[in-house]
Amino acid sequence: MWASTLAELTKLVRRPANWLLLAVALALSLTFTYLVPYAGADGPTADRGVASTFPDHLVGNSIGGWPVFAGAIALILGVLAAGGEYGWGTWKTVLTQGPSRLSVYTGKLAAIGLAILVMVVTLFAAGAVTSATIAAAEGAAMRWPSAGDLAVGVGAGWLIAMMWAMLGVVLAVGLRGVAMPIGLGLVWLMAVQNLLTAVAAPLLDWVAEAQKGLPGPNAGSLVAALGSSPQTPGVAELVGSGQAAAVVAAYLVVFGLFGGLMLRRRDIL
Amino acid sequence: MFPVETRELTKRYGEHLAVDRVSLTVKSGEIYGFLGPNGAGKTTTLRMLLGLIRPTSGTVRMLGQAPGRLGEIGALIEGPAFYPYLSGRENLRVLARYAGIPARRVEIVLEMVDLAERGKDRYGTYSLGMKQRLGVAAALLKDPRLLILDEPTNGLDPAGMADMRALIRRLGAAGSTVVISSHLLGEVQQICDRVGVISQGRLTIESTAADLRGGARLRVVADPIDAAAARARALLGEDRVRVDGAGLDLDVPHDRAAWINAELVDAGIAVSELGVRERELEDVFLEMTHVG
Ligand SMILES: Nc1ncnc2c1ncn2[C@@H]1O[C@H](COP(=O)(O)OP(=O)(O)OP(=O)(O)O)[C@@H](O)[C@H]1O
Ligand SMILES: [Mg+2]
Numbered sequence: 008m009w010a011s012t013l014a015e016l017t018k019l020v021r022r023p024a025n026w027l028l029l030a031v032a033l034a035l036s037l038t039f040t041y042l043v044p045y046a047g048a049d050g051p052t053a054d055r056g057v058a059s060t061f062p063d064h065l066v067g068n069s070i071g072g073w074p075v076f077a078g079a080i081a082l083i084l085g086v087l088a089a090g091g092e093y094g095w096g097t098w099k100t101v102l103t104q105g106p107s108r109l110s111v112y113t114g115k116l117a118a119i120g121l122a123i124l125v126m127v128v129t130l131f132a133a134g135a136v137t138s139a140t141i142a143a144a145e146g147a148a149m150r151w152p153s154a155g156d157l158a159v160g161v162g163a164g165w166l167i168a169m170m171w172a173m174l175g176v177v178l179a180v181g182l183r184g185v186a187m188p189i190g191l192g193l194v195w196l197m198a199v200q201n202l203l204t205a206v207a208a209p210l211l212d213w214v215a216e217a218q219k220g221l222p223g224p225n226a227g228s229l230v231a232a233l234g235s236s237p238q239t240p241g242v243a244e245l246v247g248s249g250q251a252a253a254v255v256a257a258y259l260v261v262f263g264l265f266g267g268l269m270l271r272r273r274d275i276l
Numbered sequence: 024m025f026p027v028e029t030r031e032l033t034k035r036y037g038e039h040l041a042v043d044r045v046s047l048t049v050k051s052g053e054i055y056g057f058l059g060p061n062g063a064g065k066t067t068t069l070r071m072l073l074g075l076i077r078p079t080s081g082t083v084r085m086l087g088q089a090p091g092r093l094g095e096i097g098a099l100i101e102g103p104a105f106y107p108y109l110s111g112r113e114n115l116r117v118l119a120r121y122a123g124i125p126a127r128r129v130e131i132v133l134e135m136v137d138l139a140e141r142g143k144d145r146y147g148t149y150s151l152g153m154k155q156r157l158g159v160a161a162a163l164l165k166d167p168r169l170l171i172l173d174e175p176t177n178g179l180d181p182a183g184m185a186d187m188r189a190l191i192r193r194l195g196a197a198g199s200t201v202v203i204s205s206h207l208l209g210e211v212q213q214i215c216d217r218v219g220v221i222s223q224g225r226l227t228i229e230s231t232a233a234d235l236r237g238g239a240r241l242r243v244v245a246d247p248i249d250a251a252a253a254r255a256r257a258l259l260g261e262d263r264v265r266v267d268g269a270g271l272d273l274d275v276p277h278d279r280a281a282w283i284n285a286e287l288v289d290a291g292i293a294v295s296e297l298g299v300r301e302r303e304l305e306d307v308f309l310e311m312t313h314v315g
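Sequence lines, in order, name chains A and B. Numbering-wise, the first sequence is residues 8 to 276 according to the numbering used here. Numbering-wise, the second sequence is residues 24 to 315 according to the numbering used here.
Hints may contain errors.
Simulated DEER-style distance windows between Cβ atoms [unchecked claim]: (1) A/V43 x B/T79: 58 to 64 Å; (2) A/L276 x B/G209: 25 to 31 Å; (3) B/Q88 x A/S236: 57 to 63 Å; (4) A/W26 x B/H206: 40 to 46 Å; (5) A/R150 x B/G94: 54 to 60 Å; (6) B/S230 x A/L276: 28 to 34 Å.
Hints in this document: simulated from the structure, not taken from any laboratory. Ideal placement from N, C-alpha and C gives every residue a C-beta, glycine not left out.
Okay, chain A solo, but in the shape it has when bound (with noise of 0.2 Å):
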């Protein structure tokens, strides 16, 4: 499994796709939770206001996306490691070459873990150096949150990430592909998942109370009780922090487990 996850790092860092997300959560991460509230400090809603974005505030501003947005990038990057073996048809090479397909599975979910962390970790660097400057510049006092606080962020923020991107894994091995599963997942993620937040669940108790059980509602809910904004799409305190930790941890499991399960069974063709 060593080997097949040594293997499976290579192929996602030699891939320029990985990193094309990796600059675009990145951008998109910097964009709205600094730059937009920095510029728009002064505008007519400001009660984000610049204080928003000093270091204090630094495990929620790193967090807030995966719910959403980030998660979005995250179950592509998931699609793209397991679909893309369907896609250029290289099950039956990796196969042949005599790995078990559930050592080649592990060993793509441990490289994807590692990935995610990467990702959930440079959103925490880039975030800090732009608070720091954005503090600097505007002569605040710079209070960083504590050690233990910013490791709880960091693993909120991977649980959430690795759940998506193993909700994209998922799909890619039941749909056998990479365009129908980022279709359905980013379809589900930003269209389906909101709508029942938005427009369903008031009017139905049922679906109000069926989507404490869904998985973006949990990460929201995760995130919020870190110190996320609640203006952040998909960020609102559903549940408890601890309910919500282990729904979305279960979904990962389960996600994972359904996974392998399925690439177990079925046939390479």
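Since the structure of chain A is already known, use the hints to place chain B with the ligands on it.
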């Protein structure tokens, strides 16, 4: 123990029987040609051998083990497939990782398929023949005892085909067992020890290339042909003589040619041509795959 042994191997896709109770054996050290027209079920059979798809029924043993244990088996199935953003060399290095093979083996197999020069280029930029050769290189990475090649000469130019045949012969001579599928009979005829012919999912025959050809026949052109046929039937028996246009096809060993000639001439028949006629495997193949 045979390197490859299947019993009643069957794969059904819905109503369609892609592979129908195929029982084949490949002997140690031989080059085995797996022949059949398009859609006959060659690739499906080979995929089952490698554990890529599950048989509907029947069993497979590969080097004495269940399918999917590919430690000493190399394979190229239905065309090469690699990561287009990696170079040929990097692709093989990644595969070597999966196989647990040292990276220096990559250079050796690149040399074997004549790709060392272009190893640094992205796979996506390769020509069809180069891709095919990289596919064969990947199959050779493990220095396999058993090599399965599904139409390995696809997309190769004549020189490339000759190189590939030479390579396969060398591997066979070095003691590897090779299974090579093809729908071009002439191609495997030259290198195979034995062939299995599959048609519409059924293994219709399995024998040595020589047996399949049915041995050599004697071709006689004579005048008058009717008298010649009558004389030959009297000498050899009814079923060993066939009239074919202006000549006779005789089912006798070719060292009897002088004797036949003398007998016909004695009977006042003018013999204008006498020769050995090899029945091409291609003829056998067409006969066999077109029936039914
Ligand atoms: N996944 C599948 N689903 C349905 N039918 C399939 C599938 N794979 C193969 N078949 C059918 O099984 C039959 C055998 O296909 P196979 O690819 O084994 O043929 P082949 O002998 O390799 O042909 P070729 O010389 O064209 O490569 C064909 O009729 C094909 O349509
Ligand atoms: Mg085929």
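Next on the checklist: Range first: 28 to 34 Å. Now tell me if the beta carbons of B/S230 and A/L276 are that far apart.
Outcome noted: 32 Å, holds
(message) Assuming the hint says 40 to 46 Å, is it satisfied by the Cβ distance from A/W26 to B/H206 or not?
(response) Holds, at about 43 Å.
- Range agreement (Cβ of B/G209 with Cβ of A/L276, hint 25 to 31 Å): Because 30 Å falls inside the window, the suggested range holds.
Between B/Q88 and A/S236, does the beta-carbon spacing fit 57 to 63 Å?
59 Å, holds
message = Range first: 58 to 64 Å. Now tell me if the beta carbons of A/V43 and B/T79 are that far apart.
response = 59 Å, holds
Quiz item: Is the gap between the beta carbons of A/R150 and B/G94 within 54 to 60 Å?
Solution: Holds - the Cβ-Cβ distance for A/R150 and B/G94, about 59 Å, lies within 54 to 60 Å.
Every hint from the earlier list agrees with this structure, and none is contradicted.
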